[in-house]
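Trainee: In case you want the letters, here they are:
Number of protein chains: 4
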Amino acid sequence: MNLQTDVHRFPLADPGDVQGLRQAIATGLVDPREIVAVIGKTHGNGLVNDYTRGFLTQSLAFLISGATGETPDAIRQRIPFVFSGGVEGVLSPHYSVFTVTETQTAESGEKALAVGVAFTPELAPGDVGRQRQIELTAEAVIRAMQSANIQSSSDVHFVQIKGPAFTLAEILADADAGGRPASDNPGKLMGLGRAASALGVAKALGEIPASRAVESAIGRDFEAFSSVASCSAGVEVRANEVIVVGMSSQWSGPLAIEHAPMKDALDTTGIRNALSGLGFPDVLQLSSKQASRLRAVFVKCEASRDGVIRGKSHTMLNDGDIDQQRHIRAAVGAIAASVVNDTAIFVSGGAEHQGPDGGGMIAIIAERAA
Amino acid sequence: MNLQTDVHRFPLADPGDVQGLRQAIATGLVDPREIVAVIGKTHGNGLVNDYTRGFLTQSLAFLISGATGETPDAIRQRIPFVFSGGVEGVLSPHYSVFTVTETQTAESGEKALAVGVAFTPELAPGDVGRQRQIELTAEAVIRAMQSANIQSSSDVHFVQIKGPAFTLAEILADADAGGRPASDNPGKLMGLGRAASALGVAKALGEIPASRAVESAIGRDFEAFSSVASCSAGVEVRANEVIVVGMSSQWSGPLAIEHAPMKDALDTTGIRNALSGLGFPDVLQLSSKQASRLRAVFVKCEASRDGVIRGKSHTMLNDGDIDQQRHIRAAVGAIAASVVNDTAIFVSGGAEHQGPDGGGMIAIIAERAA
Amino acid sequence: MNLQTDVHRFPLADPGDVQGLRQAIATGLVDPREIVAVIGKTHGNGLVNDYTRGFLTQSLAFLISGATGETPDAIRQRIPFVFSGGVEGVLSPHYSVFTVTETQTAESGEKALAVGVAFTPELAPGDVGRQRQIELTAEAVIRAMQSANIQSSSDVHFVQIKGPAFTLAEILADADAGGRPASDNPGKLMGLGRAASALGVAKALGEIPASRAVESAIGRDFEAFSSVASCSAGVEVRANEVIVVGMSSQWSGPLAIEHAPMKDALDTTGIRNALSGLGFPDVLQLSSKQASRLRAVFVKCEASRDGVIRGKSHTMLNDGDIDQQRHIRAAVGAIAASVVNDTAIFVSGGAEHQGPDGGGMIAIIAERAA
Amino acid sequence: MNLQTDVHRFPLADPGDVQGLRQAIATGLVDPREIVAVIGKTHGNGLVNDYTRGFLTQSLAFLISGATGETPDAIRQRIPFVFSGGVEGVLSPHYSVFTVTETQTAESGEKALAVGVAFTPELAPGDVGRQRQIELTAEAVIRAMQSANIQSSSDVHFVQIKGPAFTLAEILADADAGGRPASDNPGKLMGLGRAASALGVAKALGEIPASRAVESAIGRDFEAFSSVASCSAGVEVRANEVIVVGMSSQWSGPLAIEHAPMKDALDTTGIRNALSGLGFPDVLQLSSKQASRLRAVFVKCEASRDGVIRGKSHTMLNDGDIDQQRHIRAAVGAIAASVVNDTAIFVSGGAEHQGPDGGGMIAIIAERAA
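Residue numbers (our numbering), protein chains in the order written: chain Y, 1 to 370; chain L, 1 to 370; chain P, 1 to 370; chain H, 1 to 370.
Keep in mind that a hint or two might mislead.
Since the list can't tell identical chains apart, any single copy or any two copies may satisfy a pair.
[Claimed, not checked] Calculated lysine to any residue pairs in the SDA-like style (CA-CA distance at most 25 Å, straight line):
| # | residue 1 | residue 2 |
| --- | --- | --- |
| 1 | K188 | S216 |
| 2 | K263 | N341 |
| 3 | K289 | N273 |
| 4 | K312 | A175 |
| 5 | K188 | R305 |
| 6 | K312 | S288 |
| 7 | K289 | S154 |
| 8 | K188 | D17 |
| 9 | K312 | R22 |
| 10 | K188 | D174 |
| 11 | K263 | D282 |
| 12 | K263 | A173 |
| 13 | K312 | Q19 |
| 14 | K312 | A173 |
| 15 | K188 | G126 |
| 16 | K312 | D184 |
| 17 | K188 | E215 |
| 18 | K289 | A369 |
| 19 | K312 | G20 |
In short, the hints are calculated from the structure, not lab data.
Bound conformation, chain Y alone (with noise of 0.2 Å):
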């Protein structure tokens, strides 16, 4: 007996349209006793103000909720949804749910997809962005390796990580009650928090060695990063919610995952290099035939720091009118769902210490070519 793990992907109509699972739960497509993670994009802008992935969450837990006969609180304590807001441009609002199933499948040898979750403690304001979030988070993907039976950290495609953000009122308030947020601007914090987490998995991972994953390298010491994070922030979230994908000779089943580093906005090479290892070369553009086999693509992306981009100037970092995550989503997604022939795929910005810097990562999930 192993594990086999599922991606099923639904459109999102509007925040609280969960239509798309209820009905996979009506037909048994899914059991909803298998669901362990959700990664989504909703309709929001996805900075501090953003309560799309807050809905969502809402209405997927009390949707599961009503299947199962757990509580929905126990359901946002087991299952991490993880939704990051911002359908800019062509992007098409969806979300992804992973489930697990026992099979009796005779082990191939070959490795699979494999899934495992974890949850950190909750965070106050002041942990967010300082080292007790590094730690955490570390202990948490250790764990979710640990669940998922992934023994080698090469094995490790992607990890997803959803940490809290708070409002103005909250940060104050943490403040005035003897804490220490890293930052009183809120959206500023969402970045720190991404960071943090950031180097809490390159530190699990042994992408970076411990004594550079500490507070003081945030914003500062960027040649430390993870190739696999993506980290989101969000204020419907109290603790970081990790999610760690890879593959393992434990699991079975047709899926795989890819993922590849980005070096700047335009780096097609990165996502063809991930296209690749999952048995597509030389891509222009996915065929559509091609493209039925994608389950989920995760992109991670950041506007360059330092204005640039391959010697010319972008103006992302001087809009008072759209916000830098939200141009650069726009960009880097459209470019992606170029290539890969999909417009309903997760893109992040704030990519901190995720991937090189001005850069950020792709990761896929496709079914292997017969």
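Got chain Y sorted already, so can you dock chains L, P and H onto it with the hints?
Mentor: Frame of chain Y, contents of chains L, P and H only:
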């Protein structure tokens, strides 16, 4: 004796920054009397209240005026300044200066890049989106072709038009004075003007029969479109300013232009078709060396009106925070930039009757391979 | 035995925060079976892609459902949840819960605050902004008045309506199915729906003759308006939900309501007229003590269509960055807040046929002075 | 012989519209050689990427240059052009031209409106928000007072300063060149510059002791503020441009200025105090006739840093769609407009150390009642 056109592209630190052209004039690289047109991408939102286009126009008119002794007004009546606001995502602000030089080069028999310009009479709010704009534009296109010595419509690869936009106050004043504005919504009137201008181009070039180049086709007959038209509108101009770019055997020089329609936002085949015609076959991404041969890239795009791209929903038309044009420019601009390896490209949203419905077009000027 | 209505206002930390009502139920302050309507102001943009209204609706429906044993769906069919997105400027997110209690109080002969609700049947995109919406709304207003035991139209001081909005996909689907949507622009259709709803109110209350409460009057006959209607639209509802608030001698209790039209955005006389009717004459700004007697303030406003306020231009209708409704809510909301000394007020933009053209209305519920 | 200053206010159809002043010069109403300062409110977002301020500056410099024969550069070195972007809500774009005339009027003994200007040396990004900016500003204020013949600090009612803002590219270049920019966030650096400028004013006028006018007080010692300073920043200037406005017995004419602090966003008492000093006591709203005596209204405001106004939460500091400055300008601008019955008022956000924390100030120039 024949003619040669050159295209000089300058970066734009801010919309009043004319340092690039100033220096090129100072060093003799550009003869200000030979400037025939300027096309560029400025920092604003590209909508009604975008004043960056007017700022750059004024700045360049004063600069050239100082260099040639003409008045700024005379400069603006002689030279079309076509600026599109909106450098979303990776796009880089810049402007491209077209010059025409008389040369003693013997005719090679080969076609070379040719350019011609023309202006319609001034248009009132009540003319915009109306038959009068269609007819006056068609006539101006014919005149511009003649001034470019382009005999055949099939040698026209790009027609850039900048027409007037009006603020609410101007629209209401025109209505009060007996005008018949096609809309009292300033943003909507911009779109109607782009559509009428495109139909004028299509009529002039024989892309559609005159019977379909009619006011009533706007927003209805989506099969009536021009494959080479790129139309913008802005409050800083009062007439339709027309720039025709094509190939002619009466011109010489190393530059050439190609174009291709884009069927939808993800149509990278269109981009690659245009590159292929310029001697860059099967491009994943131009190398830096190849990209250095590019002189200008023009893209027209739009958010598909049915809310769907390749079967998946986009959200651009429901968004109250970011205008649909800003979304689609960010996305298609990034896709084009990722193939041509250049972010200083001209990307204009609102492709009404400009290329296939839901898509648009791309035109590229490059030095021919040696 | 007669009836008494109470109004409980709760702050809203985020659109899923129902802590205030939860506690009020827990302490017995509010009996959940007595809740008849909820009106509030949430964090979103108040436009088509505002999902904060739906999030709060779902959160409250689940809370009340848990308290009464009714299903969440039954709650939503019994209680109108009318939320307007957009807390621009100084405005503070909140919601006001209306309860109705049967009391043994002897009738005092004096009128007291009375409330009644009703729903139209579900409306399709093709019904919005059409005669059908006008008629169904008028009928629902009559029913709500009856349920409130308000005999005379002159005793109606406030009619709040929340009608459906539709996304592009829904509009196009309706058109495909043979519907006749009045616009395929989701934002514009919201406005037409508000207008039709307002004409329905005006007809029901005899503010205009039936002959002027017609579809063709929308956006044309600006003298046809209701002085007490406040209409919103949102994707989270499917019928017109109608709340009528007025005075009736069959109700008792310390609360009263007054209203006044606002002639334009700066009409503080309108605000002072409404206060005056509640026993606050000649107010510069209510004192904190006076303001503590306020239970709810409702304001409707719009950016004047001619682009002018008291002879000077505004720019709200030319703005491509911030929607006109967000501008005007920020402005008129602040003006009202500065007079009533309270920022937790309900301000809704888009006052088509609701109050004088270019202006709007204000209604205030307060405890009568002892 | 003594001096007289006049203030001419012109509407602004777009940021390149100098028609009002052009006509005033043509008719002799304004002598262009007598212009000493221009303060105005333009159409942009008031943030880093607001180029409407520079557009109007360029347009006016060219106009005045054409009229006086000075070069545009000389004009810009002689006349401070202080423009604040952002006409949110009801605000109306406009600019106010200050002129100074020598007159033969006998001294009346009564004080009259007086104005003086001065410039600091150019400031680099590394000077902004630093002690150097504080000191240079304080010195410039003293010089401007002297040029205005204002002897006592208590006669200074308004000090408008426009200091430089820098784009990301400029900030990074300065850091590379050994500068020490106080922030690499362009928007944040604007705020630090406003703060340092305000401390410079407070020091010069003796509002705070020199020991508190220090770099380390910025963002910390909120009791250290100026009650008459109004500081803006913009990419279109390179030095701190200082305009001091007050009362002096060496000037004559019918104009006077008053100012008052505003304790918070709703502090209409502050507005009424300023009006009261000009002979308008107990104003609910100025009548049209009274308002016609206004020559200029200047307001400075900010979103309170604790997220609360009079005990209720605002959401301005959590908003990723609309900048906090645009919110607060819309709100406080509308409140002031509703009292003074005039929408062509100058409202500037970001009141760091300008007036009480969480509040701001108002200054009003008006013709004295006959």
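Trainee: None of the hints should be skipped; say for each whether it holds.
Mentor: Hints, one by one, checked against the model:
{"no.": "1", "hint": "K188 / S216", "verdict": "both (16 Å within a copy, 22 Å between copies)"}
{"no.": "2", "hint": "K263 / N341", "verdict": "both (21 Å within a copy, 14 Å between copies)"}
{"no.": "3", "hint": "K289 / N273", "verdict": "both (19 Å within a copy, 22 Å between copies)"}
{"no.": "4", "hint": "K312 / A175", "verdict": "between (41 Å within a copy, 19 Å between copies)"}
{"no.": "5", "hint": "K188 / R305", "verdict": "both (14 Å within a copy, 15 Å between copies)"}
{"no.": "6", "hint": "K312 / S288", "verdict": "between (34 Å within a copy, 13 Å between copies)"}
{"no.": "7", "hint": "K289 / S154", "verdict": "neither (30 Å within a copy, 36 Å between copies)"}
{"no.": "8", "hint": "K188 / D17", "verdict": "between (30 Å within a copy, 24 Å between copies)"}
{"no.": "9", "hint": "K312 / R22", "verdict": "between (48 Å within a copy, 20 Å between copies)"}
{"no.": "10", "hint": "K188 / D174", "verdict": "both (16 Å within a copy, 23 Å between copies)"}
{"no.": "11", "hint": "K263 / D282", "verdict": "both (18 Å within a copy, 23 Å between copies)"}
{"no.": "12", "hint": "K263 / A173", "verdict": "between (40 Å within a copy, 23 Å between copies)"}
{"no.": "13", "hint": "K312 / Q19", "verdict": "between (45 Å within a copy, 16 Å between copies)"}
{"no.": "14", "hint": "K312 / A173", "verdict": "between (43 Å within a copy, 15 Å between copies)"}
{"no.": "15", "hint": "K188 / G126", "verdict": "both (13 Å within a copy, 22 Å between copies)"}
{"no.": "16", "hint": "K312 / D184", "verdict": "between (33 Å within a copy, 19 Å between copies)"}
{"no.": "17", "hint": "K188 / E215", "verdict": "both (15 Å within a copy, 23 Å between copies)"}
{"no.": "18", "hint": "K289 / A369", "verdict": "within (11 Å within a copy, 36 Å between copies)"}
{"no.": "19", "hint": "K312 / G20", "verdict": "between (43 Å within a copy, 14 Å between copies)"}
Of the hints listed earlier, the one the structure fails to meet is number 7.
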